[in-house]
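**Q** Below, each chain spelled out in residue letters.
Protein chains: 2
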Amino acid sequence: MNNTYVYMFNEGNASMKNLLGGKGANLAEMTKLGLPIPFGFTISTEACTFYNLNNKKISEEMKNQIFEAINNIERQTGKVFGSSDNPLLVSVRSGARISMPGMMDTVLNLGLNDDSVKALAKLTKNERFAFDCYRRFIMMFGDVVTGISKSKFEKKLDEFKESKNYKNDLDLSADDLKFICSEFKKIYKQNCEKDFPDNAKEQLFDAVCAVFNSWDNPRAFVYRRMNDIPYEWGTAVNVQSMVFGNMGENSGTGVVFTRNPSTGENKIYGEYMINAQGEDVVAGVRTPKPFDELKKEMSNIYEEFMDLANKLENHYKDMQDMEITIENGKLYFLQTRNGKRTANAALRIAVEMVEEGLIKKEEAIMKVDPRQLDQLLHPMFDNKILKSITPIGKALPASPGAATGKVYFNAEDAKKAGNDGEKVILVRLETSPEDIEGMFAAQGILTVRGGMTSHAAVVARGMGRCCVSGCEDIKIDEKNKNFSLNNNVICEGDYISLDGSTGYIYSQEIKTVEPVISGNFSKFMQWADEFKILEIRANADTPQDVLKAIEFGAEGIGLTRTEHMFFEEDRIKKVRMMILSDNEKERRKALNEIMPLQKNDFKEIYRIAGEKPVTIRLLDPPLHEFLPKEDIYFQELAEDMKKSVNELKLKASSLHEINPMMGHRGCRLAVSYPEIAEMQTRAILEAAIEIKRELNINIEPEIMIPLVVDLKEFNFVKKIIDDTAKIIFDEHDESLIYRVGTMIEVPRAALLSNEIAREAEFFSFGTNDLTQLTFGLSRDDAGKILDDYINKNIFEYDPTARLDKNGVGELIKISVKNGKSARNDIKIGICGEHGGDPSSIEFCHEIGLNYVSCSPFRVPIARLSAAQSYLKQKDIK
Amino acid sequence: MNNTYVYMFNEGNASMKNLLGGKGANLAEMTKLGLPIPFGFTISTEACTFYNLNNKKISEEMKNQIFEAINNIERQTGKVFGSSDNPLLVSVRSGARISMPGMMDTVLNLGLNDDSVKALAKLTKNERFAFDCYRRFIMMFGDVVTGISKSKFEKKLDEFKESKNYKNDLDLSADDLKFICSEFKKIYKQNCEKDFPDNAKEQLFDAVCAVFNSWDNPRAFVYRRMNDIPYEWGTAVNVQSMVFGNMGENSGTGVVFTRNPSTGENKIYGEYMINAQGEDVVAGVRTPKPFDELKKEMSNIYEEFMDLANKLENHYKDMQDMEITIENGKLYFLQTRNGKRTANAALRIAVEMVEEGLIKKEEAIMKVDPRQLDQLLHPMFDNKILKSITPIGKALPASPGAATGKVYFNAEDAKKAGNDGEKVILVRLETSPEDIEGMFAAQGILTVRGGMTSHAAVVARGMGRCCVSGCEDIKIDEKNKNFSLNNNVICEGDYISLDGSTGYIYSQEIKTVEPVISGNFSKFMQWADEFKILEIRANADTPQDVLKAIEFGAEGIGLTRTEHMFFEEDRIKKVRMMILSDNEKERRKALNEIMPLQKNDFKEIYRIAGEKPVTIRLLDPPLHEFLPKEDIYFQELAEDMKKSVNELKLKASSLHEINPMMGHRGCRLAVSYPEIAEMQTRAILEAAIEIKRELNINIEPEIMIPLVVDLKEFNFVKKIIDDTAKIIFDEHDESLIYRVGTMIEVPRAALLSNEIAREAEFFSFGTNDLTQLTFGLSRDDAGKILDDYINKNIFEYDPTARLDKNGVGELIKISVKNGKSARNDIKIGICGEHGGDPSSIEFCHEIGLNYVSCSPFRVPIARLSAAQSYLKQKDIK
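Residue numbers (our numbering), protein chains in the order written: chain H, 1 to 877; chain B, 1 to 877.
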């Protein structure tokens with residue numbers, strides 16, 4: 001078999017990113033466009049994969065192809081690799097499909113040794129330059145290839161400079177650098193127990209292996225995980241003949257953007273440095289100059305650059321981030337790529353490029369990463385401040401935004417402090433519905449247990465609160481009201497800060513920056529709406545949520561969880577009395593008192609939602625979640641219910657369950673206590689009738705039955721609803737259309753959807769529970785497990801945050817197919833947390849669902865994702 | 001549309017049981033055979049279903065068909081329904097597909113009223129007889145049709161007899177009975193607020209409706225549930241012209257079996273009573289005579305009967321249970337059916353019928369209900385004693401057998417008492433692996449929570465201990481060591497008795513009868529083995545279990561749960577130290593101490609199993625299950641581990657999970673702590689090598705990875721096993737074949753079986769977990785929920801005890817199909833509790849599994865079920 005592992009720059013183009021990596025493909029494309037690119041070639045990502053499968057060894061075949069490519073450069077440059085007369089020097093750089101800035105490794109000036117460095121000095125007539133290159137090379141090679149810490153080299157350099165009283169690297173003479181080189185080679189030998197390799201080919205293969213290996217380094221690992229980059233992709237390696245920005249005052253290096261990456265302004269933006277290599281800019285030893293100044297300093301080069309940069313932006317139809325080197329007055333492009341940008345910049349660039357006529361709306365929509373929109377909706381920390389401080393820990397980024405405040409350990413204290421005007425961070429082992437008010441009062445929530453779809457995460461996202469969850473390293477001492485995390489002890493009232501977008505936890509107050517929403521946002525989102533097919537709904541439990549959801553563009557409410565209303569202060573006691581009742585009569589009495597309160601909630605929701613569809617789910621959680629823990633509440637209840645405290649406690653403990661997620665909840669409650677479903681149906685329908693009359697609008701409530709596993713079970717509950725509806729319509733001499741549907745959140749319901757769809761008018765996939773049951777993985781206990789699985793490369797991503805298309809997705813497909821076979825026009829959506837995740841939304845679009853429903857704060861993300869999904873699919877067709 | 005709801009007896013035959021019910025079909029068959037059967041007809045089960053769907057009303061069409069059938073009887077008998085001169089009287093009896101003795105209702109003598117009773121008196125010249133019939137009719141009609149309690153009538157009768165100083169019903173004169181009739185009609189009117197109906201047709205339709213309705217009565221409900229009879233089947237109704245056993249000394253009634261239903265002896269067995277109706281025999285007012293005596297009393301009738309009974313047995317090829325009436329010297333058959341019998345009788349009859357040449361082996365195998373075999377393997381209560389006492393409660397019959405003993409509330413006390421020679425019943429809220437030794441020491445186990453596959457149920461069945469689980473009505477007072485159940489308070493040391501086959505709980509000591517296994521058993525089981533294809537294995541965790549399993553005919557061990565070994569006294573402490581370790585080094589130290597103990601267990605198992613296959617599962621339960629609750633154990637551990645108690649408790653509490661069944665367990669443990677899997681692999685393989693050498697036999701261990709959801713996860717653990725194996729084989733200079741397979745117990749694994757089967761060499765469906773996750777129903781919390789679901793006719797049966805073919809079965813089918821597509825010859829079985837359930841075994845056979853594995857005590861059931869499944873399938877083909 002004959003494999004091609006190596007491609008010269010003139011053999012590739014921009015469309016070959018998967019094979020050549022982003023950097024390699026763009027170097028090829030620029031070569032094709034005729035830009036001044038130093039000669040070179042790319043070792044493909046396939047080679048990386050092959051290398052990994054081949055026990056991390058470069059095969060002979062691959063070696064030969066690399067030799068041949070080097071020969072090719074030699075012919076084009078007239079230089080010879082490893083020569084002592086006219087040496088060819090190369091850079092070796094990583095380049096994955098998607099740019100992973102700073103995550104992987106680079107070696108420059110490769111090919112130097114004690115002989116060729118002299119030739120370089122002679123050829124450039126610059127001995128200082130040659131040895132400067134050499135000492136850089138030894139350090140980089142030592143660091144990247146053999147893992148000798150950079151600091152060992154830097155320490156030596158600093159000691160030397162100190163001994164000579166030098167302040168600046170430029171003070172080093174050629175002789176000084178010669179000495180440094182010999183010292184560096186000693187360091188190398190000490191640490192590796194062998195001499196620094198002077199064979200150029202050996203240097204090259206070692207460097208290529210090192211770059212391949214860097215795909216696996218811890219930084220890259222974390223970056224891949226955060227950005228959902230599969231391990232399988234691997235990285236390409238680019239080998240390119242060196243050009244030098246450090247050859248003197250006629251040389252330099254720069255990093256330039258075609259537009260401003262912070263604001264999006266259409267104006268060149270960047271920095272340059274004379275007589276320097278790229279790494280000097282990064283190291284920050286000297287301050288680079290704003291790119292505009294180059295106009296004065298080297299006007300020819302500036303004009304040439306501006307012309308080519310413009311050409312590149314027009315060619316790629318996107319803002320470019322370019323790296324250039326000027327060698328002895330000649331301009332080279334070392335890299336171009338679509339530049340990273342803030343959310344605001346992304347929107348402005350997309351909108352303005354359309355207005356400039358550069359791109360079409362469809363293209364603009366594809367240019368903004370939906371996940372970035374989160375930045376626009378939540379407060380964020382100032383990035384500059386973050387750089388100067390170290391987090392004390394890290395856990396799951398469960399709900400985006402940034403929060404700073406004083407620590408409190410229970411909902412009541414948090415609420416009190418919040419009412420007193422304090423900024424509050426609620427720290428809990430895990431949260432439960434009891435904590436709702438405390439969570440609402442807090443700026444942010446930090447939990448020890450629970451994953452991306454734990455109670456804390458779900459509720460926080462719904463409220464737009466920042467949340468970091470599953471920080472298993474925290475040890476809470478409830479008695480003394482403090483917690484410890486990696487040797488830091490934080491007491492009640494101490495300030496901490498949470499970054500819900502990264503999962504970092506800081507032990508101080510950090511200023512947050514409020515988001516500013518520009519006009520571009522709504523213009524852009526309207527364009528997105530023009531291209532999407534999926535309907536976007538929101539999960540909203542309260543009138544405030546509904547308001548927020550509609551403000552963000554929701555077309556309806558896909559999930560109203562009635563249980564959240566049960567916790568409010570005016571009703572929790574009645575709910576508890578209902579639960580602790582001994583018989584139906586007592587239960588009905590309590591329910592009768594709850595009904596008007598619940599009806600008012602629904603009226604408020606209908607008033608805001610107007611004619612937009614609202615799906616209300618019947619009571620879902622196990623009843624014991626509503627019960628108090630403290631004695632004082634039991635005493636109060638006992639008095640009101642005229643029972644003994646002991647009796648109530650016995651009853652309460654009889655409701656305890658070993659695995660409550662698979663316990664007496666969902667429609668199982670309605671089967672055991674039909675009167676609860678009856679009361680809720682009454683609240684839903686009476687509210688609808690009253691608002692219909694009040695506003696003279698058409699309301700068609702959607703009643704959703706949770707946790708169904710069987711048609712007969714669905715029918716049992718549906719009959720309660722239908723019978724109650726009949727009574728209510730008679731009583732009010734008014735009727736309205738209502739629909740009864742079900743959550744599909746248990747595998748059995750997915751498998752038997754053909755039966756259930758005979759009676760259910762709509763399906764809503766509860767992907768949280770469905771994922772949990774399909775994996776047999778409790779989302780409240782998943783934190784540590786998923787950590788291990790991701791760290792050991794078993795899972796590529798957290799399936800509670802991003803839909804598992806192979807397993808859960810397969811069940812969903814079975815359900816959709818079976819459901820439609822029984823009811824052709826059944827309306828199907830999802831209302832789990834995945835409803836706000838772009839890749840999951842794409843899946844929903846592909847399999848033909850009607851809608852997704854997500855937290856209000858994720859509605860814009862969902863709208864954009866839906867539009868992109870449509871455009872991608874169209875593109876493929 | 002024209003439906004046939006009514007069939008005359010001469011229109012049917014024995015094969016029409018589904019349509020006509022068992023009784024109706026047999027009446028038709030007997031009619032066809034020319035036996036003396038009173039004329040009559042059957043209203044079909046389809047009519048019952050139609051009636052239920054038609055809002056419990058009899059349609060006009062059905063009414064007309066019934067009239068026509070009545071006309072038919074009138075023509076054949078020359079009597080007229082409702083006539084005041086020559087009245088036709090009928091009986092109205094229920095008759096479902098499967099006989100449900102005493103569960104449903106019957107009305108006799110229907111057609112009588114104040115006029116026709118006089119005609120009857122005149123025609124029979126027996127006024128006393130006529131009014132005796134009439135008073136019986138009024139009472140039965142009142143009871144069955146309008147629900148007036150029988151006792152109201154009986155009380156009146158008793159008062160009258162007392163006032164007259166009568167001892168016996170036969171003392172009542174015709175006038176007395178006339179008076180009683182009028183009194184009974186008064187009772188009827190008082191209770192129904194209307195007169196007793198004197199229109200025969202009205203009587204008939206009311207009675208038919210009542211019989212249809214009786215399908216829903218609580219007794220029938222319980223019976224259906226215990227015998228897995230679907231609600232949909234409905235009951236047929238048989239209307240038959242009356243014949244009277246109470247017409248005088250020349251009349252009588254009898255119930256006779258062609259063979260002895262207790263022992264199986266081939267000798268007529270039964271009772272008869274002169275001048276009586278069938279109900280008198282049941283009521284037990286007079287003592288019936290052994291049937292043999294009829295030979296003297298009415299030799300002609302006896303001979304005729306013997307001839308016909310013989311004919312019936314030969315015709316049906318089974319032992320017959322017949323009801324006869326003799327009217328004025330003429331013999332009538334009112335019913336025949338295959339008689340119920342004890343397990344021993346069933347075996348003897350089956351074996352002897354083959355030996356007599358009456359049936360073939362294949363037919364014999366189909367004649368024994370596999371579930372009955374339980375009776376042969378466990379102690380039972382004496383049925384006669386049971387009749388005289390009332391249970392104090394009822395819960396799930398979780399593990400068969402009968403047990404009597406003193407109550408203890410924790411494993412330690414139970415063990416102590418057991419060691420002192422006491423008989424013990426362990427009563428727990430729920431059991432956990434910690435309780436194993438207490439369960440072993442107990443005769444029976446009673447739990448408050450948990451279903452048919454709860455820990456208590458599974459372990460008890462494995463041990464052959466009796467268990468009643470999920471008795472939610474029990475309130476345990478742990479402090480005072482007592483429990484209350486339906487107003488009975490039982491203290492520690494009090495005797496109770498449990499019937500694990502019915503679920504009844506008794507508050508006294510009841511003698512148990514040890515089972516006697518006859519030679520017929522092994523002969524019969526050998527026949528069964530000749531016809532089965534499925535391999536039968538056992539779930540066995542200890543050498544004792546393995547011994548028992550092989551004794552009962554297991555062909556291998558399908559599941560050895562290694563965790564049960566961890567609880568033994570000599571190792572639990574080391575296990576706890578392992579779990580509470582802070583790092584791998586500490587963990588390895590503890591594991592090294594556990595390894596030799598575990599290896600010895602496996603050696604013992606291999607020694608007994610010989611070359612039979614043994615499947616050992618890697619550690620499965622969440623680690624916190626092994627941790628102690630009491631402080632004293634923590635103190636001990638802290639000393640040994642040189643850590644503080646507080647530190648250990650914090651560590652222990654960090655292992656707590658909200659839904660442990662979906663938590664850190666199964667292969668997730670091996671992913672987090674590869675060293676555990678390594679240790680277990682070493683114990684499994686070294687044990688095999690040592691026994692291989694010791695006994696010079698071939699051992700091929702099967703290592704099973706639990707809770708797999710993904711191929712990469714499977715491979716991660718398989719690599720640990722393979723790497724460890726390589727090392728061990730090198731160390732011992734010996735190698736053996738071993739297989740690595742997986743449980744399929746999580747829906748995702750079933751869906752992705754095509755991937756997993758690429759690497760897994762066998763699949764074993766863990767149907768307990770698979771059912772739990774497919775339904776989202778925790779088996780430890782399912783008790784109350786399933787109760788409600790079965791009581792409300794949503795579920796027909798408990799899916800944790802009997803495999804849900806629609807949902808779980810569908811997943812299994814998907815898995816089998818996908819698994820075989822990747823590995824053609826993959827070995828597939830099940831090892832969940834369903835492996836011992838006949839209907840589930842039939843399913844496993846149908847879909848082509850290779851084996852089922854069940855508790856040792858269920859192995860005979862499984863063998864017989866497997867043979868029956870094969871024969872049934874063959875029959876269909």
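If you're looking for bench data, these hints aren't it; they were derived computationally from the structure.
Among the hints, erroneous ones may be present.
Identical copies look the same in the list; a pair holds intra-copy or inter-copy alike.
Claimed, not checked - Mimicking EDC-like on lysine to aspartate or glutamate, the simulated pairs with C-alpha atoms at most 20 Å apart in a straight line are:
| # | residue 1 | residue 2 |
| --- | --- | --- |
| 1 | 651 | 788 |
| 2 | 649 | 430 |
| 3 | 651 | 473 |
| 4 | 649 | 478 |
| 5 | 152 | 787 |
| 6 | 118 | 722 |
| 7 | 481 | 647 |
| 8 | 523 | 352 |
| 9 | 651 | 430 |
| 10 | 813 | 755 |
| 11 | 692 | 327 |
| 12 | 643 | 477 |
| 13 | 267 | 686 |
| 14 | 805 | 611 |
| 15 | 712 | 788 |
Nothing here was measured: the structure is a model prediction, and the numbers come from that model.
**Q** Hint by hint, which ones does the structure fall short of?
**A** Of the numbered hints given earlier, those the structure breaks are 5, 6, 11, 13 and 14, listed in rising order.
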